[in-house]
Amino acid sequence: MAVTLGELAVRFGLTLRGNPDRPIDHVGTLAGAGPRGLAFFSNPKLIDQLVSANAGAIVLHPNMQDATPLDCLLASNPHASFARIATMLHPPLGGAKGVHPSAVLAPDAVVDPSAHIGPQVVVGARSRIGARTYIGPGCVVGEDVTLGDDVRLVARVTVLEGVSIGARSILHPGSVVGSEGFGYAPEGERWIHVPQVGSVLIGEDVEVGANTTIDRGALEDTEIGDGVKIDNLVQIGHNCKIGTHTALAGCVGLAGSSHIGARCRIGGGVGVAGHLSICDDVSLMAMSFVTTDIREPGVYAGGSIPIEPAADWRRIVGRLKRIDGLNRRVGKLERQVGTKENVADEERS
Amino acid sequence: MAVTLGELAVRFGLTLRGNPDRPIDHVGTLAGAGPRGLAFFSNPKLIDQLVSANAGAIVLHPNMQDATPLDCLLASNPHASFARIATMLHPPLGGAKGVHPSAVLAPDAVVDPSAHIGPQVVVGARSRIGARTYIGPGCVVGEDVTLGDDVRLVARVTVLEGVSIGARSILHPGSVVGSEGFGYAPEGERWIHVPQVGSVLIGEDVEVGANTTIDRGALEDTEIGDGVKIDNLVQIGHNCKIGTHTALAGCVGLAGSSHIGARCRIGGGVGVAGHLSICDDVSLMAMSFVTTDIREPGVYAGGSIPIEPAADWRRIVGRLKRIDGLNRRVGKLERQVGTKENVADEERS
Amino acid sequence: MAVTLGELAVRFGLTLRGNPDRPIDHVGTLAGAGPRGLAFFSNPKLIDQLVSANAGAIVLHPNMQDATPLDCLLASNPHASFARIATMLHPPLGGAKGVHPSAVLAPDAVVDPSAHIGPQVVVGARSRIGARTYIGPGCVVGEDVTLGDDVRLVARVTVLEGVSIGARSILHPGSVVGSEGFGYAPEGERWIHVPQVGSVLIGEDVEVGANTTIDRGALEDTEIGDGVKIDNLVQIGHNCKIGTHTALAGCVGLAGSSHIGARCRIGGGVGVAGHLSICDDVSLMAMSFVTTDIREPGVYAGGSIPIEPAADWRRIVGRLKRIDGLNRRVGKLERQVGTKENVADEERS
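Protein chains in written order, with my numbering: chain A, 13 to 361; chain B, 13 to 361; chain C, 13 to 361.
So here's chain A without its partners, still in its complex pose (with noise of 0.2 angstroms):
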């Protein structure tokens, strides 16, 4: 589809400067944005790009306009405006309204008419299907699940028996929900399985990524709140909690429930053990290892030492291990050298 600049800057809310009836159809980089393309500009590092950008127009901070002679639209948050342009230009494919007849669906399944079941899915008994909800081709919905309004299951997901999920959201390829979680008795060498009888309660406008898996409680539910992004390949444990708007990046892991705060910030590869909490607000690097609650928001790292060279990893690994040897060389010095000081010292450390 195609809009004028002018039309883009009522819709949007954003101060136009440049030509209105510019026609814009695509959004794009800086330098890949063709004459009807759209880019924006946010981090002043990258000021170089801005100068030698040839898109068509460029949404960008009304601080920012005198550094470019194209067409502008002028955003307080140029990104976000930039995401809402982008949305309206490049819709998510659509698929005709019904269900596709190689569809499974159970006779008592709700569907509304406005939703879109696509071809190969298997949708089970009583379950609830929202206005405009898109189930992509190969997804499985199993019994008793209620999806929202507008949500969007992209293709071959997999949502079990009783989940819910709310409006808005989407669950990308691969993705499980509800699968039964790691619940196992011990009895001698044996583990005894426990049926898991909570189920997950996702909120609305989540997003789950390709390949992640979100267990079902195992007494009580799951939950996701509102908001919550969650990244690729990410394993989300039984009785998890996470509060709303915090976003998970790829490969981390939560142990069982664990229960991490809003608005957090969960970098690549993170692992938090079972039964901690994390509380609003905390930022965690990537590959960071959690092993106690956490109760100040800010953010921490630990876990992974950045990479050297192989040789000097070894020789560093080597001289880590032997550290506690280090430590008691430095007190036989301190006794020798020797003053109540330094001894006092070797205690705190």
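Since the hints were made in silico from the structure, they are not lab data.
Predicted, not measured: the structure shown is a model, and the values here were computed from it.
Just so you know, not all the hints are guaranteed correct.
Note that the list lumps identical chains together, so a pair holds whenever it fits in one copy or between two copies.
Only pairs whose alpha carbons sit at most 20 angstroms apart, straight line, appear in this in silico EDC-like list of lysine to aspartate or glutamate [stated by the list, open to error]:
1) 57 to 305
2) 333 to 320
3) 333 to 305
4) 344 to 232
5) 253 to 305
6) 333 to 238
7) 109 to 292
8) 253 to 308
9) 253 to 201
Got chain A; can you put chains B and C on it based on the hints?
For chains B and C alone, kept in the frame of chain A given last:
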């Protein structure tokens, strides 16, 4: 379904204390189970929860029976007894016997008449499906596969050609068994694909978590012993062998030809390098990294250092990387303060 | 199929030593291959296995031919020659030409008549499927996808709209190519979804492992070079570029906009932060964590410290976290023992 507390006591060989006629129809938490709900108690640290419990009845150890006035079932292993009762009260979703009309079965597949083959399933040539086995929606079973009795493929599981799965095993959604492993022969700068002609043998009572992958052997078979429990998003490389009753938590990666003993407990996110052996009865703490054989039973850790505030962590990492310099400084001090003993210390440490 | 050893020698350009009429019908290990089986030998450390081998014939280097009395094929690269012979003896499961009646194809999809479209497959509008390409059961191919000749989607693979995959590439079960990456614009406490309008370009002879995910580009394309081999459960973020013939082992995570050079070897579990460049010919040891550019070829490690018994590890971690204190104690000793040299050491370290 509902049964009386007295019937449960008889059926599961437990001692009843309280009203044998109390109807029980579900399991739940101490706080959340209703008057017809059964909870369990096994962790003395949580005794406060027991005091405030309002479940219909509680499974607990005889030692703890004085701590609650509620009806009780007394069990030497309360969690295991609870698991068995829960399985009776909350059986997994079944399915009608027979083959759904949308399933595609090879003409020479052999399916027990008591098995359930769900919608959109594919079963390949010469595969054999055991009695009461459940193949949920969207599963793909390749050629020459053997599924024992009472096996359960929950949904969208892939089991590739020649794989064998023992009785009562459960494969969770998205899991893949029998994929070709990472086998390549280097030739100049290229990698030549090496066909993986081994298979995967999975024992009885095994569980394979959601989106977990188990590669087939290169020339011999990958083997998963009886009673092994594997959580979600685990990668098991070609030719791995895992001993009976070992449990692997989420996000574990085993490189090719790793051998894990029986009754091991592998924590979440653990990485095991290839061609290693880990003996029986080893526990690996979460996020550990194993690069050598483990020959003694016990608990091992290593890999990730738990988190700190990010500024502290950056300072620690800086110091850790300069530990060689610190070691040299201590050595120099020892020589200056100077006794033979010091020099010997330095050499030992 | 069976061929004679002489035919193999001619066909693969190898030197025969022994009986040219020996029939060969499978590959196997040195110990496990039967009299009609072919094994290979390339690791001099395993020469004991060669001595006790009882395969029908062995592919090995001319230098090693005196170490066995068995029939041999002599090859300068025994593993690569073995791989090629194994591919001939054990071809991947084929499928009849044509489209299975349960598959759902868009009317304007263009499928080469020699391609195989298996059961329960979905192919979207305007997609083009090359000659002899195999689309296994349960795969979903979106709109405007291009699959080259001899491509193989094993089973339950998802390839989303606009993705292009080069000739002879293999995608293993559960893999997802073209999912929308983790792109959000922060606005207050919320995240606004940014449509990902780039695509994924996959070269020729690429492999994508089981349940691996490759995100589409945000504005430009994610690019995977010719000959790249990606293992299972790998996450490749939006806008990543991977150079030719690079191999990534299982459980690797590449954050968005990471660029990896050609001929790199990335070990299992490695994490690479976003917006980094790694040059050609870099090897990263397993479980490494990369947070800065790598500009020199070589072997790098870091991240995880290999395991210790858990009690030792806890003591080591405690000391490591107090390394700052230890450093201060050494500095104080140096000032007390006191020479200018010491002070200079302190400043340098």
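Hints, verified against the model:
no.: 1; hint: 57 to 305; result: between (36 angstroms within a copy, 18 angstroms between copies)
no.: 2; hint: 333 to 320; result: both (17 angstroms within a copy, 9 angstroms between copies)
no.: 3; hint: 333 to 305; result: between (27 angstroms within a copy, 18 angstroms between copies)
no.: 4; hint: 344 to 232; result: neither (56 angstroms within a copy, 56 angstroms between copies)
no.: 5; hint: 253 to 305; result: within (14 angstroms within a copy, 36 angstroms between copies)
no.: 6; hint: 333 to 238; result: neither (44 angstroms within a copy, 37 angstroms between copies)
no.: 7; hint: 109 to 292; result: neither (41 angstroms within a copy, 49 angstroms between copies)
no.: 8; hint: 253 to 308; result: within (18 angstroms within a copy, 38 angstroms between copies)
no.: 9; hint: 253 to 201; result: between (31 angstroms within a copy, 18 angstroms between copies)
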